[in-house]
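2 protein chains.
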Amino acid sequence: MNEQNQIYKIRHSLAHVLAQAVQHLYSNVKLGIGPVIENGFYYDFIFEEPINEEALPKLEDEMRKIITKNYNFEKSIMKKSEAVEMLYRVNQPFKAELANEIQDDEVSFYTDGDFMDLCKGPHVSNTSEINPDAFKLTSIAGAYWRGDEKRPMMQRIYGVAFETKEELDEYLRVQEEAKKRDHRKLGKQLELFTFSDLVGPGLPLFTPRGTYIRDQLIAFSEQLQQEAGFERVCIPHLAKSDLYKVSGHWDKYKENLFHVHSNQSDDEFVIRPMNCPHHAQIYASAKRSYRDLPIRYLESTTCYRDEKTGELLGLSRVRSLTQDDAHIFCRDDQVKDELIMVLGLVRKLYQALGMNFRARLSFRDPNTPEKYLGTDEEWQRTQDLLKDAVEEAGLEYYIAEGEAAFYGPKIDIMVKDALGREWQCATQQVDYFQPQRFGLTYTDSDGKEKPVVMIHKALLGSVERFMSVYIEHTAGNFPLWLCYEKAVVIPVSNEKHVEYAHKVAKQLNNMGLRSYADDGNETMANKIRKAQLTKIPYMLIVGDKEQDNDAVSVRLRNGINLGLMSIDELAERMRNEIANKV
Amino acid sequence: MNEQNQIYKIRHSLAHVLAQAVQHLYSNVKLGIGPVIENGFYYDFIFEEPINEEALPKLEDEMRKIITKNYNFEKSIMKKSEAVEMLYRVNQPFKAELANEIQDDEVSFYTDGDFMDLCKGPHVSNTSEINPDAFKLTSIAGAYWRGDEKRPMMQRIYGVAFETKEELDEYLRVQEEAKKRDHRKLGKQLELFTFSDLVGPGLPLFTPRGTYIRDQLIAFSEQLQQEAGFERVCIPHLAKSDLYKVSGHWDKYKENLFHVHSNQSDDEFVIRPMNCPHHAQIYASAKRSYRDLPIRYLESTTCYRDEKTGELLGLSRVRSLTQDDAHIFCRDDQVKDELIMVLGLVRKLYQALGMNFRARLSFRDPNTPEKYLGTDEEWQRTQDLLKDAVEEAGLEYYIAEGEAAFYGPKIDIMVKDALGREWQCATQQVDYFQPQRFGLTYTDSDGKEKPVVMIHKALLGSVERFMSVYIEHTAGNFPLWLCYEKAVVIPVSNEKHVEYAHKVAKQLNNMGLRSYADDGNETMANKIRKAQLTKIPYMLIVGDKEQDNDAVSVRLRNGINLGLMSIDELAERMRNEIANKV
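Line by line, the protein sequences are chains F and W.
Mapping the first sequence onto the numbering used here, position 345 (from 1) lands on 345, and the numbers just tick up by one.
Mapping the second sequence onto the numbering used here, position 478 (from 1) lands on 478, and the numbers just tick up by one.
Everything labelled a hint here was simulated from the structure, so no lab data went into it.
The model shown is predicted, which means the values in this text are computed figures rather than measured ones.
Incorrect hints may have been included.
Which copy is meant is left open, so a pair is good if it fits within one copy or across any two.
Below are the SDA-like pairs computed for lysine to any residue, each with C-alpha atoms no more than 25 Å apart in a straight line [as the list claims (entries may be wrong)]: (1) Lys581 with Glu227; (2) Lys530 with Ile567; (3) Lys535 with Leu186; (4) Lys58 with Gln92; (5) Lys581 with Arg232.
So that you can see chain F by itself, here it is in the shape it has in the complex (with noise of 0.2 Å):
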């Protein structure tokens, strides 16, 4: 967030503006801060009496009054010790500690009207900047003061803002629409995945429908790699912590590993977190020649990254990930192609899923270079090698500088939902590092021993969290190829057509398109509203005409009807949809 954007302004004005509302409606209220964040702001309180959101429109109100009094922001300058001294009288004590701890000798504040806040800005020049319509407080939520456990409990009001009201509906509509499409609410309903308290936070597992979209989205990605040149292997989920000491993972991971105490040896072991050190190993199993070069390791297996229980979350954050992770090991001279080949897949893959997509050049910070591992020439060699091949490969792309890994600058691909959201999914990092920890060379046409460089892609990412992002993307109404079961037979009468419907659901299993007959004691009606909660693509309706004709009535999840069809048109129409991923 650039704090000289006009929107960063006038939401951290709104911030003071909050707090100036509270204290005009309460007395005695503690304050503590009031930051910018994503798309509005916060401030934390502690008030006589907590208060509930259904104090928030009041607030509100308020706030539209200060705003329309157009009052100026002004700046104003303290020597610290006497703004401590004033926050305590004035019974300000989180301020007072605020200011106490500034580094300097004088401290800020802002005064708008009748309300002056420790801040140093910045803020719109007068309240008039602010649109009085395009803002809205959301909720109130618990937090600790300064996030330790041990201090105070205050409360904290957050709010959105934009510079139009259309901003802030369209924000607030997506956000209405992104609850209804909630991937855990969706996974619970079509059945997808489950949470077991005795297996544990953060480790789902996946019911047959579940798996199938699992299995089909990894199937693609892997397809499209295979036919690319990629190989697939297979690695343990375990190994010795020494492989991540000599990968130089150890130092910067090790808070996020499972370690592993075994009973039989003294070998200490952690489960694999990454695939990288173990695909090097099979890399190194070998003498390479530079006319092996690129040898491409794929494969879609499950890591584990101890992450905190509090920060769990459905499909989106997990401690197994499975990512359609593949390792290229190639001569310095290949890496541009390479990259390129991977874009094309990347392409590919998220122009079958629907879903528009641009590249983020990861690029180290240039103004903390002793965080990265290399010289500036080196950075700006391969960060132009990046921007080369994503221009190539024709991408829409920006940079952003200091996302990059430690290692090595990255293309991150960053997908677009149905909701304007973005995500990030896909991944190219190129890496002259591991292979220099790990040793690995191919022998040149000179005959001398060379070190290889590693490029590390994914294309979906972490499956888990793609498939929190596509549940979203689609409300789980996903395309054919990606529902377990392609229909559902509804008889009209259960004593007359059951055993129609029945011939129709084995047939088209036969067929390998998977269906069912809904045979149970129950009216059309209620059948077909069933169905249409598990977003069952095709309900094929049969009475007596269909019977009579060896046909089907088709009306799809959409509501839309079809008609009358015979059992091979149908089967035609679902094979051409599945063929084409629409």
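Chain W: place on chain F using the hints.
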């Protein structure tokens, strides 16, 4: 091993004869124990000077001399205290230690000619019953006295023995052949898998070729299962220890579990050693009706067991074992049909793999009912059920008492390899116990909740172990459907035919038949030799004639020449072979 069998008595007597021969040829030898083992016997000694394997033929000669003296084996009884004193006096402290531990006032000795040994028998009556040409001393190894590394190191001399010379010769032939086929040696030669010191012992990494075999075997097993109504699910490799405490595995297996420590929570985890408790959690995630059953969850996934480093052996004994596992949840009245259905899959699988098998009914030991859960009646009923199922499926079978799991009897499938060795591969277990521990039920037609029955099944068993068996069974000459590379194209002349060789390889690749051209700078003869070492099924020789005719000269791995064939003819032949798995 039945002690009353003649072969047992022969082997036991030969152990004595070995010790007797040792005493004839060496002085001041201290004797340890000399038991019967599979196919033979051993005896432990401490020599004044350690001997080596060159000494074995001389010992064999001396043994033959003793045997042909037609000594009787005569039993004598001595008071324990006298025996101990005597054994110390003749400087046999290990024998004295053994005698001292016998829980009886009297101990028995057996004497043949000039040799007397502490022993409870039984033996042959006379050494003339031993065929002097039907035994062989095979090796010497170090062994601690009583297996205790704090006690003295002894030399263990191994021997094999049979009733006839033909049996001995056949045994030695199989051993010799097995050594040539050793899957560890072939795994390296054919580049199927590798181990890494950094990853750790017992944790194989599969290269593209080995992965292809794994993938194809698993895909075939899963295809058979899916056609039979099994559904794929997907579970994490991790679970809280609680899962195994509830399942009942904790108490029995905690020594062989990999225990996992989290930095981010206080939960205790283990790496999943088996899949049943996880699958039970998926079953438990929804209400189940009698109409839903059987529910069959299939998953080929890797489990981890903490085996002793010293017991690990190639792919036969690993720490990471992938089972083509499934769990059937069914009603009691469905158990037999399910067992028969699975036996049908077993038959299809091993017929396709070209391996004979028979069923072993692993029943409980009727003499130790206290080691098993459940009543006599329950065991009788389930064992009868298994026997009926195997008979109805028309399988050859035998009963092995004492081989049951503690919770139920098993049908183990014993697969015979090309050398006549039997290996336990597929298995089926009926389990009333785990569903009860997890409270797994279904609503029956009468509206009551009833316990479900679980059947555990695997077709290949551990895929790693099966691969070790199958590599040795085929001696690495895998059928075409399991070969990663189906053909190598070898140009007659490196100048004239390399381009055409590449063209042929590309054509086959485009047809989905992975092939490569050997364009190295070597002679054709060398390339053929290299190809033979990799056991690639098809060598396609291309020279002028082939090039002019858009054809190849086909030479099979077994040396047979098929002569000139067009690419289409060849592809047709290969496709048939793959489809028929021959």
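So which of those numbered hints doesn't the model satisfy? none
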